[in-house]
Amino acid sequence: MKRIRKLNDIPQRIESPLDRQGLRRWTVMLVWLVSLSCSGYGQRSGSTGEIHGEITIKTNDELSDEIFRGRMMSRYTSDLSTAEKSIEPYSVSEKAVVYIESTGESKSYTVPDEHPQLNQRDLIFRPLVLPIVVGTTVDFPNNDKVFHNVFSYSQPKEFDLGRYPQGKSKSVTFEKPGVVNVYCEIHQYMYATILVLENPFYAVPDDDGVFVIHNVPPGTYQLSFWYGRKKVATKNVSVKANEVSAVNFSF
Amino acid sequence: MQKFLMMILAAVWCVSAAWSQIEVSGEGSVGYLKSEQGFSQYVIDNGNPTFIWRWDLFANMRISDNVSLMSNFRMLQDEVFHIDYFALRVTDIGSTGVNAQMGLIDLPFGNLGNRRFPKENPFYDLPLMNEHLTSLCESDYKLWVLEPQFAVKGDGVRLLDQGLYDLGVEAFGRFGIFDCAAALVNGMISETGVYAPKGLNANSGFGGILRAAATPMTGLTIGVSYATGSFMEDQHDDTNSAIYQEDPSEYPQHIVMGDVDFSVGYFTMYAQAGYNVWTFNDADDDNRKISHSDLKAFAYSVEATYALTPRLTLAARAGGLLFNTIEDSVPTFSGLVHYSGHWDRDEFRLETALNVHVSRELLLKAVYEWNRTYDVSQDPLDDVFILQSVVSF
Numbered sequence: 112m113k114r115i116r117k118l119n120d121i122p123q124r125i126e127s128p129l130d131r132q133g134l135r136r137w138t139v140m141l142v143w144l145v146s147l148s149c150s151g152y153g154q155r156s157g158s159t160g161e162i163h164g165e166i167t168i169k170t171n172d173e174l175s176d177e178i179f180r181g182r183m184m185s186r187y188t189s190d191l192s193t194a195e196k197s198i199e200p201y202s203v204s205e206k207a208v209v210y211i212e213s214t215g216e217s218k219s220y221t222v223p224d225e226h227p228q229l230n231q232r233d234l235i236f237r238p239l240v241l242p243i244v245v246g247t248t249v250d251f252p253n254n255d256k257v258f259h260n261v262f263s264y265s266q267p268k269e270f271d272l273g274r275y276p277q278g279k280s281k282s283v284t285f286e287k288p289g290v291v292n293v294y295c296e297i298h299q300y301m302y303a304t305i306l307v308l309e310n311p312f313y314a315v316p317d318d319d320g321v322f323v324i325h326n327v328p329p330g331t332y333q334l335s336f337w338y339g340r341k342k343v344a345t346k347n348v349s350v351k352a353n354e355v356s357a358v359n360f361s362f
Numbered sequence: 019m020q021k022f023l024m025m026i027l028a029a030v031w032c033v034s035a036a037w038s039q040i041e042v043s044g045e046g047s048v049g050y051l052k053s054e055q056g057f058s059q060y061v062i063d064n065g066n067p068t069f070i071w072r073w074d075l076f077a078n079m080r081i082s083d084n085v086s087l088m089s090n091f092r093m094l095q096d097e098v099f100h101i102d103y104f105a106l107r108v109t110d111i112g113s114t115g116v117n118a119q120m121g122l123i124d125l126p127f128g129n130l131g132n133r134r135f136p137k138e139n140p141f142y143d144l145p146l147m148n149e150h151l152t153s154l155c156e157s158d159y160k161l162w163v164l165e166p167q168f169a170v171k172g173d174g175v176r177l178l179d180q181g182l183y184d185l186g187v188e189a190f191g192r193f194g195i196f197d198c199a200a201a202l203v204n205g206m207i208s209e210t211g212v213y214a215p216k217g218l219n220a221n222s223g224f225g226g227i228l229r230a231a232a233t234p235m236t237g238l239t240i241g242v243s244y245a246t247g248s249f250m251e252d253q254h255d256d257t258n259s260a261i262y263q264e265d266p267s268e269y270p271q272h273i274v275m276g277d278v279d280f281s282v283g284y285f286t287m288y289a290q291a292g293y294n295v296w297t298f299n300d301a302d303d304d305n306r307k308i309s310h311s312d313l314k315a316f317a318y319s320v321e322a323t324y325a326l327t328p329r330l331t332l333a334a335r336a337g338g339l340l341f342n343t344i345e346d347s348v349p350t351f352s353g354l355v356h357y358s359g360h361w362d363r364d365e366f367r368l369e370t371a372l373n374v375h376v377s378r379e380l381l382l383k384a385v386y387e388w389n390r391t392y393d394v395s396q397d398p399l400d401d402v403f404i405l406q407s408v409v410s411f
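Sequence lines, in order, name chains A and B. Residue 280 in the numbering used here sits at position 169 of the first sequence, and the numbers go up by one each step. Residue 357 in the numbering used here sits at position 339 of the second sequence, and the numbers go up by one each step.
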């Protein structure tokens, strides 16, 4: 059932431009609006909508099984102690992303100042799927006692970070959108995906599978659901200003 | 029969893979090989250009949290099916950090590790010390070097027997920065039990192997390995009676080897150097004392790789074998001729390789091997060029 919720009413009242003070206020507001629309962020909630939804996982997560099995049975790289074997499985928030494929506009969005991280910890990558916006720089810290050698041959970004020890980190900036598969040259079972997205309209579900995508410009979009290694579903969604559109996925 | 067995095994493993506790993976490689047309053990297919292939299947079954059954199967273009590794492994026994494996195990000697397999090995062959066939006959107390027709060819035991697998038991573990291992196996490091009749122990003793390694910093591991045991099989004829008085346990092999792994950034380096003694003093070759000194060998190998770009890696390896001097008398048609010299030809091999990662799963290798044999009037023409593509799955 589609849930529609009214957002805040548009609050502003524009005074007559003939008024000197009103003219100044109008000019300030115009400049502010233009700057906001250029940045892509902070669009007034009054002119955008939200997408709410929930994902339900019914399928066995073969990718996580594969990675954890490889980790346990890696013959020459890790003979793990009982304590080392027990690590937390990937949570839903580490392996699922819901995102709008394209807004149809070719505009660049402000990237976050803080670099997202793809951790090498307990001989696996965490998270399994990392969504970022084009232009974002990702840090790859090594939190293990052993070397890792992170690399990718994916079309949007080829890189090889070489070997570096615990406590060190290297960074890569992703300038083209697409799917970047990330591996470790030393531990062949290690795998992660970086989703380099064209826009910031994506959400990582919480561990209950609930997600919210904020500040989506009105329009009709393809909403995709990425889980583990691949995109598993796509749905059309119409977003209206000041409204919430609900989309649920199950896999 | 072997093909049939292989197909059955492959089918069973593949079907079993549906069960999440089984991991099946492998490598397949095809290639082109051309060696020079000289007279040497390194010449392949008489120097004819030839295509080659190899298939490795790794099937590991997790029985419980601490118990696994692990196996490697291998087949080459000769279509002989090899089971290299088939071991029951128990990890962290009693939460002590001690692991054990039993069965057909990979021997804890040196630092070969995953470089046993084409995808991890930037070259075509294993290091020279794992490949070179010495003049020490593998089934008899005889030195081929004293037989003129085999003077260069060499058809005996290796110093290290290729991928180093044997039937036995091993205990190993990591304690802080130290890795330790001890193994007891049917054969010996240069003549593993896999060649023994019916796959059983070929003599009354076991081979013993010890290894200790330290990792003082990430990327640097320094190890030392020692092995000792009988390298020759019991000397029996078809009636199962001893034809010689020699007891193989009186002629043990001793070998000690140091190894270093170092890697940082885009650079990796593996080095090994070892000193070996095959006890051979007064061994009886057809009632003829063939040697009055032990047979000794010094071996070394240094290899390095550097990743030039994300897809391109350069590699080089230098390895050599040096043999000691013996004194003997060689029977010829004109009577006994005194022989004084190395009991095998000293060898040097330089390998260079260019590795191109077409994708994560597909590797292309171009390898050139320069082989140099010393103590001969003319170095045989036996350099080898290989193009190999390897896929992993």
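None of these hints come from the bench; they were simulated from the model. Hints are supplied without guarantee of correctness; some may be wrong.
[As the list claims (entries may be wrong)] Each computed EDC-like pair below joins lysine to aspartate or glutamate, with the alpha-carbon atoms no more than 20 angstroms apart: (1) B:K314 <-> B:D393; (2) A:K341 <-> B:D197; (3) B:K52 <-> B:E379; (4) A:K196 <-> B:D393; (5) A:K342 <-> A:E212; (6) A:K342 <-> A:D172; (7) A:K218 <-> A:D255; (8) A:K341 <-> A:E165; (9) A:K256 <-> B:D393; (10) A:K169 <-> A:D317; (11) A:K256 <-> B:E379; (12) A:K256 <-> A:E165; (13) A:K268 <-> B:D401; (14) A:K256 <-> B:D401; (15) A:K196 <-> A:E165; (16) A:K342 <-> A:E199; (17) A:K196 <-> B:D279; (18) A:K196 <-> B:E379; (19) A:K346 <-> A:E212; (20) A:K218 <-> A:D172; (21) A:K169 <-> A:D319; (22) A:K281 <-> A:E269; (23) A:K268 <-> A:E212; (24) A:K279 <-> A:D255.
[Claimed, not checked] Derived contacts from chain A toward chain B, CB cut-off under 10 angstroms, selection only: (25) E177; (26) K196; (27) P200; (28) N253; (29) Y264; (30) R274; (31) P276; (32) Y294; (33) I297; (34) Y300; (35) Y313; (36) K341.
Think of the CB as a built atom: it goes at the ideal place given N, C-alpha and C, for glycine as much as any other residue.
Structure-based check of all given hints:
| no. | hint | verdict |
| --- | --- | --- |
| 1 | B:K314 <-> B:D393 | 16 angstroms, holds |
| 2 | A:K341 <-> B:D197 | 39 angstroms, violated |
| 3 | B:K52 <-> B:E379 | 25 angstroms, violated |
| 4 | A:K196 <-> B:D393 | 54 angstroms, violated |
| 5 | A:K342 <-> A:E212 | 11 angstroms, holds |
| 6 | A:K342 <-> A:D172 | 14 angstroms, holds |
| 7 | A:K218 <-> A:D255 | 39 angstroms, violated |
| 8 | A:K341 <-> A:E165 | 18 angstroms, holds |
| 9 | A:K256 <-> B:D393 | 48 angstroms, violated |
| 10 | A:K169 <-> A:D317 | 16 angstroms, holds |
| 11 | A:K256 <-> B:E379 | 27 angstroms, violated |
| 12 | A:K256 <-> A:E165 | 38 angstroms, violated |
| 13 | A:K268 <-> B:D401 | 39 angstroms, violated |
| 14 | A:K256 <-> B:D401 | 42 angstroms, violated |
| 15 | A:K196 <-> A:E165 | 32 angstroms, violated |
| 16 | A:K342 <-> A:E199 | 24 angstroms, violated |
| 17 | A:K196 <-> B:D279 | 26 angstroms, violated |
| 18 | A:K196 <-> B:E379 | 27 angstroms, violated |
| 19 | A:K346 <-> A:E212 | 10 angstroms, holds |
| 20 | A:K218 <-> A:D172 | 36 angstroms, violated |
| 21 | A:K169 <-> A:D319 | 13 angstroms, holds |
| 22 | A:K281 <-> A:E269 | 14 angstroms, holds |
| 23 | A:K268 <-> A:E212 | 19 angstroms, holds |
| 24 | A:K279 <-> A:D255 | 10 angstroms, holds |
| 25 | E177 | 8 angstroms, holds |
| 26 | K196 | 7 angstroms, holds |
| 27 | P200 | 13 angstroms, violated |
| 28 | N253 | 9 angstroms, holds |
| 29 | Y264 | 6 angstroms, holds |
| 30 | R274 | 5 angstroms, holds |
| 31 | P276 | 4 angstroms, holds |
| 32 | Y294 | 6 angstroms, holds |
| 33 | I297 | 9 angstroms, holds |
| 34 | Y300 | 9 angstroms, holds |
| 35 | Y313 | 26 angstroms, violated |
| 36 | K341 | 16 angstroms, violated |
This entry does not satisfy hints 2, 3, 4, 7, 9, 11, 12, 13, 14, 15, 16, 17, 18, 20, 27, 35, 36, going by the numbered hints stated previously.
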